[in-house]
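Chains as they are written, first to last, in my numbering: chain A, 1 to 278; chain L, 1 to 357; chain Z, 1 to 290.
Any given hint could be a false lead.
Said to hold, decoys possible - Cβ pair distances, simulated, as ranges: (1) Z:Met283 to A:Pro194: 31 to 39 Å; (2) A:Lys104 to L:Ser19: 57 to 65 Å; (3) Z:Trp276 to L:Asp157: 44 to 52 Å; (4) L:Arg121 to A:Ala259: 58 to 66 Å; (5) L:Asp157 to A:Leu5: 40 to 48 Å; (6) Z:Thr280 to L:Arg107: 29 to 37 Å; (7) A:Thr28 to Z:Ser60: 46 to 54 Å; (8) Z:Trp276 to L:Ala118: 44 to 52 Å; (9) L:Glu60 to A:Lys104: 47 to 55 Å; (10) A:Phe184 to L:Lys178: 37 to 45 Å.
To be clear, the hints were calculated from the coordinates, so they are not data collected in a lab. We put the CB at the ideal spot given by N, CA and C, even for glycine.
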Amino acid sequence: MRHWLIPTLYIVFLMLPIYWLLSMSFKTTNEILGGFTFFPQTWTLENYNAILCGYPDVIGGKVPAGCDVSWIWGYVNSLTYVTLNTIISIAVALPAAYAFSRYKFLGDKHLFFWLLTNRMAPPAVFALPFFQLYSSVNLFDTHIAVALAHCLFNIPLAVWILEGFMSSIPKELDETAYVDGYSFSSFFFKIFVPNIGAGIGVAAFFCFMFSWVELLLAKTLTAVDAKPIAATMTKTASSSGYELGLLAAAGCLTIIPGAIVIWFVRNYIAKGFAMGRV
Amino acid sequence: MARITLDNLRHSYLPNPKSDEDYALQQIDLEWQDGGAYALLGPSGCGKSTLLNIISGLIEPTQGRILFGDVDVTNVPPAARNIAQVFQFPVIYDTMTVYDNLAFPLRNRGVGKAQVDARVREIAEMIDMTDMLNRRAANLTPDNKQKISMGRGLVRDDVNVIMFDEPLTVIDPHLKWKLRSKLRELHERINLTMIYVTHDQTEALTFADQVVVMDEGVVVQIGTPVELFERPTHTFVGHFIGSPGMNLLPCEVREGQAFFHDSHVPVEGGKTSAAGSRLEIGVRPEFVSFASEGLSVDVVKITDAGRHRIVETRAGDTAIKLFVDDGMSIPEGTAHLAFDQNRTRVYADGWLAEESR
Amino acid sequence: MAAKTENQRAWFFVIPVILLVAFNAIVPLMTVVNYSVQETFGNNQFFWSGVTWFEETLKSERFQAALGRQLLFTAIILAIEIPLGIAIALSMPRSGPWVSVCLVLMSLPLLIPWNVVGSMWNIFALPDIGLLGYTLNAMGFNYDYTQQPLAAWATLIAMDVWHWTSLVVLLSYAGLISIPDAYYQAAKIDGAGKWAVFRHIQLPKMKRVLTIAILLRFMDSFMIYTEPFVLTGGGPGNATTFLSIDLVKKALGEFDLGPAAAMSLIYFLITLLVSWLFYTVMMRNEGEES
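Build the full structure now, drawing on both the sequences and the hints.
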C-alpha cells in the first residue's frame, strides 16, 4: 500500500493540531499550566459545560447561576447570519448565473469580471467603511448586516460556481420545456433547479464555508446582539487571561458545523471545483 | 510485424471467477495473419473492448496466452509490445504541436533527431497533414485529431498491429466515410495488421477482410463479410448483420427433414443433422419470395426502402420478412412463400447444425 | 455549447446581484476614496488634500516594509502549497472507498474559523506546553515564536500550509479525475515515462483548476489578517506585520483615516493587478489560433 503513504502522512500532519486542541479541551486549567502532557491526565467536561450551560437561554429556559450565556449565543448568532447569507447568496445568484450562462447582453463580460474583482477586495480595506455604512442605515449589530456584508465575496463566488454548472446543461433542456408549454418560472423551479441540484449544493457549501470562517467583518459589524462565536473567543481569550481549556473547547465546537456540512457534500466537493470555469 | 495468436484465452474482471457468468470473455482461440485487416464486431458489452485491451496489454487475461509471432507476450507491458491504439475519443497531447505529437512515441524511445524528423514528415504526408505540422494539436477538428492519434501509431516502424477502438464515434457523419477510406488506403499502402473494433456493421463490413463477430463474451463467427451474410453460423450473426436480420422460424426435425407448422421446408443439402432443445429455421429476407404455392402466410405490412420494399408477413405467431424488388406485385391478404433452399438452414440452440460445437 | 442568444432583458436577472454587491462594494469604496483625498483635524471637518496621502504612503518605509513582508510571505506559501498540493493529489488513488474519507479529513481545516486556526496553532506551538513547541525544544532546538522573528515566520508558514494546502489538493484532484483513462493508456503505448505523463497529460489537464488554485491562494494569502493577528499579533516587533494587519492598526488603532484609506486603495489595486497578471500569464495560450 505504498501509494497511501503520502496522503496518510499529510492527514496525520493535519490532525496533529486538531488533536492538540481536542486534548486541551478535556484538560483542567491546572494540568494545562502545570506542564506538558500528551494525554489529559484527569479528564474533565468542565470546559464544555461552561460553554453549553447557557443552552436553556436560547429556548427560553432558566440558566444555572454563574453561567456565561454569551458563549451559546455566539454560536446561535454565527449560525444565524451564516444561514441567512447562504440563502441570500444562492437566491440572488441563481437568476444571475442563469443570465450569464444562457444570454448575451450588453456588458455581460465586464459585469462578470467586476463581480469577481470583489472577491479580491481585502476585508481589512472595507472594515471601517462597512462599519460606517451599516451604522448609517441602522443595521449595526444585527445578523442581517453581517449576512449582507458577506455577500460581497460570496455572491461572486456563488455566481461563478453556478454558472459553471448551468453551462454544462444543454440549452435544449430549456427549449424542450418551452415547447412543452412550461412558463419560464415553472420551468426554472420545476425542471432547471432540480437539474443543477449538485451545483446548488456545492455553491451553498462554499457560501457557508467562507461566511463561517470569516471574522474581521463579522467582528466589526457587531457588538453584543449579533456577536459571532469567533469574536466571543478572542475577547474571552484576551480579557480573562489564559483560559486555554475553555478556548480549546470553544474552538472544537466551531469545527463541528463545518464537519457536518463537509460530510453532506463529500461526493460533490471534487466535482464542484472542476465545474467552475475561469 | 507478426502473426497474432490468442490461445485458450479467458478473462474475468472478478478476482475469483467461479461460474461461466463471471467471465467477461469466454474461451477464445484465434489466429490473425500478418498484414490482415480485421474487425471485431458486436453490441456494447459483448467483450470486444476487453479483448482489445488484452491484446494491447492494458489488461492481463485471467487465463491463456497471447503470441506475437512465436513470442509469448502475455506478461509484456503495453509499451514493449510494439502496438498502437486509436481510441474512441481522440487522444492527443494538447500542449504540443502536431509535429511534436507525431514525434512523441519516437522521442520516448530515444530515436535520433534526424531520424525522427524524416519519419514524422513521411507519416504527415501519408495522413495529409504536412501543412498543419506546426499547428497546436488542441485546436484541430475531431477527424484531424483522430488522424494524429493514428499517425502516432504509424510513426514507429516496429509496430506489430494498430488497433482502433470505435474510432469514428465522434466524427461528423459526412467525414466518417472519408476517414474510413483513408484507413483502408493506409492499410493497402503499408500492409500492417489492423484490428478495428466497432458495433456498426457497415464500418466493420467495409473495412475488414475478416470480421470476428462477438456476443456475450463468445466469438460466434469469423468470416469474410460475404460469408457472414450468406452463411451465418449463429442466429446472432443472422439478426445482428443485415437489415432487417434473418428470419427465424421455430421448427421440428423428423428424420433429417425440417417442418414448420407441419409443412416441410427443404433445407441446404437436403438433410439436416440438427438436434437440440431449440430448433429454428433461419433464412434471410433476401432469400424469401412470393410463390404460387408453399407456406401460406398473411401479408401484414409493407415498408418502402427505396429500391425494394420490405414486406412483413405472418404465419401464426411467427413474423417472416421478405424483400420485393420495385415493379414486382405484392399479393394482398393471404399469400404463399418460397425459400431459397441453398440459403435455408436449421439452427440448434442458436448454432448452425453442421457446425455445432 | 450552443451559441448564447442575445437578450437585453437578461439584465433583470442580474439586477439583484448588482444591487447587493454594489451596496457592499461601491458605497464603501467611495467612502475610502473620499477619505483618501482629504485631511481631517477631527470635528468632522475635512479638507481637500489631493494625492498627498498616496505619495506619503508609497514613500513611507513602514508601508514598503509591510508590502515586502507580504510579498515574501505570499511567494513562500505559493512555492510550498502549490507543488505540495499537486504531489498529494497525484499520490491519491483515482477511486475507492477511502478516497471520500480522505477528502473529508483534508477539507476539515478549510472549515475552521480563521481565528480558531490562529488559536489552535497558538496552543499547538506554545514553547512550554504546546505539542509542537515542546517537542521542538525537547529535541534541542531553541524555539519560541513569540520572541524569535524566524520562528514566528516558520510557524505562520506552517500554519498556512496546514490551513490551505488541502484547497490545492482538492482542486488538483478534481482536475486529475476528470482525465479519461484513454490518455493514460495512450501514454503507456507511446512509451511515455512518469514524468512525460505528468508534463504532457496531467499538468495540461490540471491547468484550469490550477489557475483557480493559484488565484485563490494568491488573493487569500495576500489579504491574510485573522490568523497572524491571533497567532503573533504582527510580532515579535513588526516581523509579521503584513499589509492587512498594518492597515487595521492604522485605521482602527491610530485612526489615521486619510493615510489608511490611501493605503487601502493602493493595496486593493496591487491585489487586482497581480491577480490579473497571474490570470493573463496562465491563460495566454488559450484560444490562440483558429
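Going through the hints against the structure:
1. A hinted range of 31 to 39 Å for the beta carbons of Z:Met283 and A:Pro194 is consistent with their spacing of about 33 Å.
2. Restraint check, A:Lys104 to L:Ser19: a C-beta distance of roughly 59 Å satisfies the suggested window 57 to 65 Å.
3. Hint check: Z:Trp276 to L:Asp157, Cβ distance near 49 Å, so the stated range 44 to 52 Å holds.
4. Our hint of 58 to 66 Å for L:Arg121 and A:Ala259 holds, since their Cβ atoms are close to 60 Å apart.
5. The beta-carbon spacing between L:Asp157 and A:Leu5, approximately 41 Å, falls within the hinted interval of 40 to 48 Å.
6. A beta carbon spacing of about 31 Å between Z:Thr280 and L:Arg107 agrees with the range 29 to 37 Å that was offered as a hint.
7. Separation of A:Thr28 from Z:Ser60 is about 48 Å and conforms to the stated range, judged on CB atoms against 46 to 54 Å.
8. Hint check: Z:Trp276 to L:Ala118, Cβ distance near 45 Å, so the stated range 44 to 52 Å holds.
9. One distance hint, 47 to 55 Å for the beta-carbon pair L:Glu60 and A:Lys104, holds here, with the actual separation near 52 Å.
10. Checked against the given bound of 37 to 45 Å, the beta carbons of A:Phe184 and L:Lys178, roughly 44 Å apart, stay inside it.
Every hint from the earlier list agrees with this structure, and none is contradicted.
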